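Novice: Here is how the chains run, residue by residue.
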Amino acid sequence: MLQCIFLLSDSGEIILEKQLTWHRVDRSICDWFWNQVISQGDSFKQQPVIASPTHYLFQIVREGITFLACTQVEMPPLMAIEFLCRVADVLSDYLEGLNEDLIKDNFVIVYELLDEMIDNGFPLTTEPNILREMISPPNIVSKMLSVVTGNSSNVSDTLPGATASCVPWRTTDIKYANNEVYVDLVEEMDAIINRDGVLVKCEIYGEVQVNSHITGVPDLTLSFTNPSILDDVRFHPCVRFRPWESHQILSFVPPDGQFKLMSYRVKMLKSIPIYVKPQLTSDAGTCRINLMVGIKNDPGKMIDSITVQFHLPPSILSADLTSNHGVVNILSNKMCIWSIDRIPKDRTPSLSGTMVLETGLERLHVFPIFQLGFRIQGVALSGLQIDKLELKVVVNRLYKGFRASTRAGLYEVRS
Amino acid sequence: MAPPAQSQRSPSPSQPSGKSEVTDLKTQLRQLAGSRAPGVDDSKRELFKKVISYMTIGIDVSSLFGEMVMCSATSDIVLKKMCYLYVGNYAKGNPELALLTINFLQRDCKDEDPMIRGLALRSLSSLRVENLVEYLVGPLGSGLKDNNSYVRMVAVMGVLKLYHISAATCVDADFPATLKHLMLHDPDTQVVANCLSALQEIWSSEASTSEEASREKETLISKPVIFYLLNRIKEFSEWAQCLLLELVAKYVPADSNEIFDIMNLLEDRLQHANGAVVLATIKVFLQLTLSMADVHQEVYERIKAPLLTLVSSGSPEQSYAVLSHLHLLVLRAPYIFSSDYKHFYCQYNEPSYVKKLKLEMLTAVANETNTYEIVTELCEYAANVDIPIARESIRAVGKIALQQYDVNAIVDRLLQFLEMEKDYVTAEALVLVKDLLRKYPQWSHDCIAVVGNISSKNVQEPKAKAALIWMLGEYSQDMNDAPYILEGLTENWDDEHSAEVRLHLLTAVMKCFFKRPPETQKALGAALAAGLADFHQDVHDRALFYYRLLQYNVSIAERVVNPPKQPVSVFADTHSSEIKDRIFDEFNSLSVVYQKPSYMFTDKEHRGPFEFSDELGNLSIGAEATNDVVRANRVEANDQDLLLSTSEKEESRGASNNGSAYSAPLYDASSVSAAASQAQSDSLISNLEVAGPQASFAIDDLLGLGLPAAPAPPPLKLNSRAVLDPATFQQKWRQLPISVSQEHSLNPQGVAALTAPQALLRHMQSHSIQCIASGGQSPNFKFFFFAQKAEESSIYLVECKINTSSAKAQITIKVDDQNTSQEFSTLFLSALSKFGFP
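Top line first, the protein sequences correspond to chains F and L. Numbering (the UniProt record's numbering) for the first sequence: 1 to 415. Numbering (the UniProt record's numbering) for the second sequence: 1 to 838.
Only chain F is shown next, with the shape it has when bound in the complex (with noise of 0.2 Å):
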């Protein structure tokens, strides 16, 4: 249960307090815990469950928002950082994107919505579709229309309907007069190769997001054409749990507009589409190295967006480097990205140069990590796909589109 939100800004500044039971929590506590956070520097800041000398806060940092949450009594951790979670992404949502000034400007609005999603501390809703009903978000449409109705106020007149229908995520009477569903495959690749170029771990992440405006209560069908290579699958609740279970299919009344169907999990892929081959080689106090990438598997569809970064390690003091294609570029915290996006037809991009080290180092012990960056559109690189999209009851003129797409998520090369 928890006892009350409050919302830092960078700087530790409150920017919001919501007391949510009858027990205060005095502001002071925002105090010790920035105090700590200063004395304590940016690993303490990070820790999501700390005690304080008399609470149990949660936090979590978003966009350098800090949501911190604090409790008395025992309550399972991992709920109280999952609603965290889910408020910043309502909140972003809401307001289109994150900081200190958005907030400022609609704590209204926030307020509004940690009053419907939180009730004496414990969670009630945080669907965004149904939290939509009952406080509509302060875009431009919005705006636009009580300018022209009048009416300004971003409250709606009526309880969502939801509450009143047997399928909580979806309000019972919704009607277009164009009928789409749009089904996207959105997968993550992560990876480890090893500094002798083995590839020791290669895993994807994926979601099914489905955004769907259809009239009236569609049921839905989904089906994959090779499911079982899904190693753990989690669903959002409106997925029927016996028909994946004995058929794999999908089966499910989807809440309108945008959501996320599905996630999964891939395990053990064998193949990456781009390696990565560096070279370091110290000598008498400078370094060289030489960096080459290029495709390796080619998944049929154009990679952009590839992009390499590694921290210079500490003991480096400066460093000349140089690529034959793509821009490099060095940042003050010694981050060294380099933007290829696309890999050229005629040549091979490679990045070289020396690096000075601190005086007295004959040659360099601590080896940088290089992450890459990639994207692909049209292929899930998992190789799932996407067999038939039905709907129970024909609507007339129903509109499907799907996409797939993969990028890369924690896609490491150690040297």
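It is worth saying that the hints were derived from the structure and are not from the lab. Any given hint might turn out to be false.
No farther apart than 27 Å at their CA atoms in a straight line, the calculated lysine-lysine pairs in the DSSO-like style are these [what the hints assert, rightly or not]:
1) L:Lys342 <-> F:Lys277
2) L:Lys26 <-> F:Lys18
3) L:Lys49 <-> F:Lys104
4) L:Lys782 <-> L:Lys717
5) F:Lys104 <-> L:Lys50
6) F:Lys18 <-> L:Lys19
Since the structure is predicted, the reported quantities are computational estimates derived from the model, not experimental observations.
Starting from the known structure of chain F, arrange chain L on it as the hints suggest.
Specialist: The following block gives chain L in isolation, referenced to the frame of chain F:
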């Protein structure tokens, strides 16, 4: 990052700018209050926004209360909401003014818009002003019967809020019964969930004073209720599902069919998108199958994939919470994740708190088949840019080496670390090599060759230096220049700031002397002289001890200082298995994150209003006075308790744990006791593993036995170190019949001494009667004691209610062995009657 702007944040009405603006707002609000001009709502809204933004940044705007209430007559819902927010914030501080708001809130409670009805009811019940509760009962009653579920849902929470303001009013209005009816019959699941959470809180608070409430509390976890709710679980919101699953975890099924029914019903919850639901389900599965070993194993297999997905899919904060739970599971069943070790490989971008847990996981899952891969991976981290993680990973390699039988490959890796010429890597590796040699002396040859090449000048960290010195002493016969290195170190005695290093140096020089006397004699003389002059007590004492030993007999000295050693087979674990079991029982709670059971870091009042099994823990909630002032005191007291994190249990653990008693919960108690015992034991490395935190057991107890006995000492002898956990106590308390129940008057000195419950606890402890729970506020105190018959298992349980104003004690005794009940009661009363006498 700039320190927080203090002046802006503290509520300071004295702030000149803030004050003038508040007065300004006041006049503007006044002007608008009566106005009915068109567009007035818009200007009101701007003003309200300003007021609330001042309130948010901490400027005290309570002086506007009257004006805000006057302006509240509006049909604009946003204005209403802002007004509710304002009123809710300041009503408690201005009870007289809050009365002004009652009128418009009550009117809004009858509005035709259910949204307004709900919001008004929520605000009305959040006023937290005690003398206004009479106005709350009516609207709540009609709210519970409202035909709109939103209003009912708010009303249910309102009942709980009312209960916390005035428990008596809530019970008198018979709201708990209404909630129970709603819980079992309302069509809306959010109403049902709110009822459940409200009833849990109300009944567990009431249970200590009312038999009926405790019966009702039991029915919540009875089969009909549980199955009724479980059948509707899919309609519940995800958060309500968590609440329900927590409840199910406390349910004890009658037979295995029931267990399988529940598990079938809940299996798809493991696939839920919300991690909290998944983890709560896992808890249910694990708890249900505890008694069925084979099914329990299958459960582990079943929950593996969902857990791993949770780790890799969520935000780092979520991963952290899940990994803490995984770590607990892995300690119980290391093999389940042994083939999935790659999931715990650290990635560069992960925050270090996640990496740290992952390293612990890697250490825990390592076994014969995967050691090679894991150690290879860990070695890559040793060259990591992130230095703390590099250190942790070297330690992890060492831990794995100490777990495994086949250490060939690992020793080579460790020796490579020594050659890496990074001071922190060398330092960590030295400590590890030292531990390794204590377990596998057969490797000494290879290790010493490498260690011998390390210049002691490059080793600065005390722990590493101590390890190096230990090896120099222990293997001085194999290292040619050992005496000379030690001599060099002795010459720099005064520059050595760590007492630990100096202690080791003394011992090492001694050992070296026994092996190579002519070469070491000079160094020994210098070391003993420096040691005797040392300002550190331990160093001084040890030097003196060695000096006298040598004076007495050199060969005896050798037998004392350098006896033949047995290789260490197992290093003491920091967590006992009992503690691990306790944490497992508290799966899906903060205990898992802190890696210690809740009694070690929360005081008992805070173990949770949802806590069902621990009715003793909730004692004081029931005893909580309704008076506001007293409650404020209580909160303060609680806060201090939390800070000290003391409980009777720790008190009885005696001296060695005192360190933890004075620390905030952040502090790791186990490391404190380890450190304390390290300091106590003579800190020879070879003796480290005997670290016995219980060594100096409660001295109080021993003294207590020596106190003069009662005037007519009864023959009954009690065990001064009786141990009983709260669960057993409760179980016994329920089972046993009452053997003695009587009222006893206390002497005035006793009453005077009872300023705080702790005084009596200590007194009774000195009579071998331990307290397991206590609570209450002056004048009413309540204690639960237990005692055990010496050399027998028979247990005595006592409930003792003391009223200090009437100086009466109401005593109820339950015993295992009925024959001795009278003797025990005499003993107890005589102990009690001596309370207060010096």
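Novice: Now look at each hint and say whether the structure bears it out.
Specialist: Comparing the hints with the structure gives:
no. : hint                  : verdict
1   : L:Lys342 <-> F:Lys277 : 22 Å, holds
2   : L:Lys26 <-> F:Lys18   : 24 Å, holds
3   : L:Lys49 <-> F:Lys104  : 11 Å, holds
4   : L:Lys782 <-> L:Lys717 : 25 Å, holds
5   : F:Lys104 <-> L:Lys50  : 11 Å, holds
6   : F:Lys18 <-> L:Lys19   : 24 Å, holds
In the structure shown, no violation is registered for any of the earlier numbered hints.
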